[in-house]
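Student: Chain residues, written in single-letter form:
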Amino acid sequence: MSQKMTGAQAVLESLKREGVDVVFGLPGGVLLPLYDAIYQSDIRHILVRHEQGAAHMADGYARATGKVGVCIATSGPGATNLVTGIANAYMDSVPMVAITGQVNTWLIGKDAFQEADITGITLPITKHNYLLRSAKDITRVFREAFYIARTGRPGPVLIDLPRDVTVDEVEFTWPQVDMPGYRPSVKAHEMQIKKAAKALMEAERPVIYVGGGVKYAAAHGELIELATKINAPVTTTLMGIGCFPEDHPLSLGMLGMHGTKYANYAIQESDLILAIGARFDDRVTGKISSFAPRAKIVHIDVDPAEVGKNVRVDIPVVGDAKNALQGLLKEVSPKGRSVWNEKTEAWKKEYPLRYIPNDNVIKPQYVIEKLCEIAPDAIITTEVGQNQMWAAQFFVHKDPQKFISSGGLGTMGYGFPAAIGAKIGRPECDVIDVAGDGSFLMNSQELATAVVNEIPVKVAVLNNGCLGMVRQWQELFFEKRYSATILGRTSPDFVKLAEAYGAVGLRATKPSEVESVIRTAMATDRPVVMDFIVNPAEKVSPMVPAGATLGEILDLEWCDDAQSCHLEKIYAKGRKDILGLEGF
Amino acid sequence: MKHTIAVIVENKAGVLTRIAGLFSRRSFNIDSLSVGATENPDYSRMTITVHGDRDVLEQVIKQLSKLINVIRVSELDPSESIERELAIIKVNADKESRSEIMQIVNIFRAKIIDVSHRSMIIEVTGDEEKIDAIVQLLRQFGIKEIARTGKVSMVRGARVVKA
Ligand SMILES: Cc1ncc(C[n+]2csc(CCOP(=O)(O)OP(=O)(O)O)c2C)c(N)n1
Ligand SMILES: [Mg+2]
Chain A
1 MSQKMTGAQA
11 VLESLKREGV
21 DVVFGLPGGV
31 LLPLYDAIYQ
41 SDIRHILVRH
51 EQGAAHMADG
61 YARATGKVGV
71 CIATSGPGAT
81 NLVTGIANAY
91 MDSVPMVAIT
101 GQVNTWLIGK
111 DAFQEADITG
121 ITLPITKHNY
131 LLRSAKDITR
141 VFREAFYIAR
151 TGRPGPVLID
161 LPRDVTVDEV
171 EFTWPQVDMP
181 GYRPSVKAHE
191 MQIKKAAKAL
201 MEAERPVIYV
211 GGGVKYAAAH
221 GELIELATKI
231 NAPVTTTLMG
241 IGCFPEDHPL
251 SLGMLGMHGT
261 KYANYAIQES
271 DLILAIGARF
281 DDRVTGKISS
291 FAPRAKIVHI
301 DVDPAEVGKN
311 VRVDIPVVGD
321 AKNALQGLLK
331 EVSPKGRSVW
341 NEKTEAWKKE
351 YPLRYIPNDN
361 VIKPQYVIEK
371 LCEIAPDAII
381 TTEVGQNQMW
391 AAQFFVHKDP
401 QKFISSGGLG
411 TMGYGFPAAI
421 GAKIGRPECD
431 VIDVAGDGSF
441 LMNSQELATA
451 VVNEIPVKVA
461 VLNNGCLGMV
471 RQWQELFFEK
481 RYSATILGRT
491 SPDFVKLAEA
501 YGAVGLRATK
511 PSEVESVIRT
521 AMATDRPVVM
531 DFIVNPAEKV
541 SPMVPAGATL
551 GEILDLEWCD
561 DAQSCHLEKI
571 YAKGRKDILG
581 LEGF
Chain B
1 MKHTIAVIVE
11 NKAGVLTRIA
21 GLFSRRSFNI
31 DSLSVGATEN
41 PDYSRMTITV
51 HGDRDVLEQV
61 IKQLSKLINV
71 IRVSELDPSE
81 SIERELAIIK
91 VNADKESRSE
101 IMQIVNIFRA
111 KIIDVSHRSM
121 IIEVTGDEEK
131 IDAIVQLLRQ
141 FGIKEIARTG
151 KVSMVRGARV
161 VKA
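Chains A and B, in that order, give the protein sequences. So for the first sequence, our numbering puts the first residue at 1; every next one is plus one. So for the second sequence, our numbering puts the first residue at 1; every next one is plus one.
Pulled out of the complex, with its shape left as it was, chain A reads as follows:
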């Protein structure tokens, strides 16, 4: 039975039929008809304070729930403010539908007020996008958009919605999806599965290398089953964190630039890499020509274009990770413990991730350990930089939907709005954004969103007074010329900032205060910002220098008090002096 309604109502009805219960957005002129329909609908709308926040919230919501996240922005500047968030979702294959307002169809191309060619702008950062030109296409386009966003290799889809299209009357129909040009390959080829299984059985030193694809396919159960059945150690990328429980004896933690030594050594020594839903990113492989030099490579990926893109692959398996893993499980027979297991376990003992604790200064790693101790089941989102790496390294991750971080794009300002989105999707979970003093300010305006909507997320700012990750590179590779990386104590007072928004602010300046600050925050049912004044000189270690092989992973010397004092002095002196100083 069909029914007459406006285009805007058809949009809302389509969203409802796609199972959308919440959208993140901010209105504007051309969106007035759509927002009027939102006002009258029962879909929950979260008003953000910057559209970038809306995109990251939709993204965090999607990663925490596995559902498609939806964000809305008006034409022109609203739409362009979404761009970073869309690019971020594209790089990390996050299912998202972004809806942008557009000027009336007859004004398109005339440089009308607040017109931006957002389908042109987002062409390279969306899985697909649409400019709707007629209200009768609304339902079909929305169905296709959600289908494209969540199937195959997920990704963001943008729908540009001219004002008149939302006003026009239309007969509501709900068509079947029929896209001859889109047939995601999900079923892995049986022959290839057999070959992969045979290679796994023959391997003496196998390593399973897991990326975000396992998370999106919800294949972590099968992964654990396979790894334990054949006693193969497992390492994950940043995107794959949580797909394999890090307290499992076969876990090697994260690999790559700031991965564990034992994961990187295992890769280099391995005779068979089983890559699942991972894309051999340069941050993971180090010098690509000498990545896993002794290994045969089996690559399972749902995106055929990823297979063979960065490395030569011996056994390609195109298909969904869950389907492929189920196939493999049927083909392999159990394997007992081997010399290889002993070797990787010995490496784990010999080269653990570590830092030097201190009684006077807060070590950022210590904060993460305490968060993990007090809130082991929390969803952790991160900003970008050292904070992100420490959150990856020192929290014991066990659940793929509980570590949410901007991997491919490395977007500062991602973690806080993503935390809000995650908390809305999973209200029963504690959600903590591990932040840096630089990154947090990039979207701290969303404190207003969290407060108004009573979303009790927690932010742990590892306040090191600098753009720490960049400073670390300057220390190591630019003879400590700290060009434009010292924030000193010039950041706002984060406690007061929180309070100004009506949130709770807490601060720890000494290690002895860390635990009580975290406990208080976790016991508070309101948004809380924790300001941890941490050692400014701390570096993320170990590290594979850019262009080196994974085997050349280095322990960076753990910073000493003198170095910390020195940075503190620089902070006190202010920026002008800093750039003139030498040799600190």
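None of these hints come from the bench; they were simulated from the model. Just so you know, these numbers come straight off a predicted model, no measurement behind them. No residue lacks a Cβ here, since even glycine has one placed at the ideal position from N, Cα and C. You can trust all of the hints, since none of them are fake.
Facing chain B, according to a computed beta carbon distance under 8 angstroms, are these residues of chain A, among others:
hint : residue
1    : T119
2    : L123
3    : P124
4    : H128
5    : I148
6    : M179
7    : P180
8    : G181
9    : Y182
10   : P304
11   : A305
12   : G308
13   : K309
Derived pair list, reagent style DSS-like, types lysine-lysine, alpha-carbon separation capped at 27 angstroms:
hint : chain 1 : residue 1 : chain 2 : residue 2
14   : B       : K66       : A       : K67
15   : B       : K12       : A       : K110
16   : B       : K62       : A       : K287
17   : A       : K309      : B       : K66
Using the hints, position chain B with the ligands against chain A.
Tutor: Frame of chain A; chain B with the ligands shown alone:
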């Protein structure tokens, strides 16, 4: 290495931009690209010539196939297919040179499609080499303008590349 691929795409606004954008973003080199209608009004056919090694070609095909509006991508083996391009060439032609030009036109089975006191327009069809050759020969008279369609290609025999 040059490769020719036939791409069947949906006949929708913006498809050409998507394809051109993909090529520039991924640093694939296009030598020629031509688009036109097919037997089915919903689809257009592109013939694209790219150069690069096998790995590049494989990436080009896979990345193109990922575009939602791309229905089919097929490599055309030059030894099994026919390739044609059309060019129109405006060349200087006065009383002295006209007959010599006409001889060349005859040899190449080309056509004269416009004549004026000082110039002629020549239409020629063939594979790339043939067109290059006539252009080379006409240079001595002074070429004023060339427009080439880019290559179109089709597999010989019964095999078809269709949606
Ligand atoms: C939007 C954006 N701008 C710049 C960068 C480059 N960048 C990477 S890490 C980093 C420092 C981040 O500083 P902070 O948030 O304080 O984190 P820290 O490394 O100190 O923990 C910068 C500037 C980025 N990743 N994203
Ligand atoms: Mg910092």
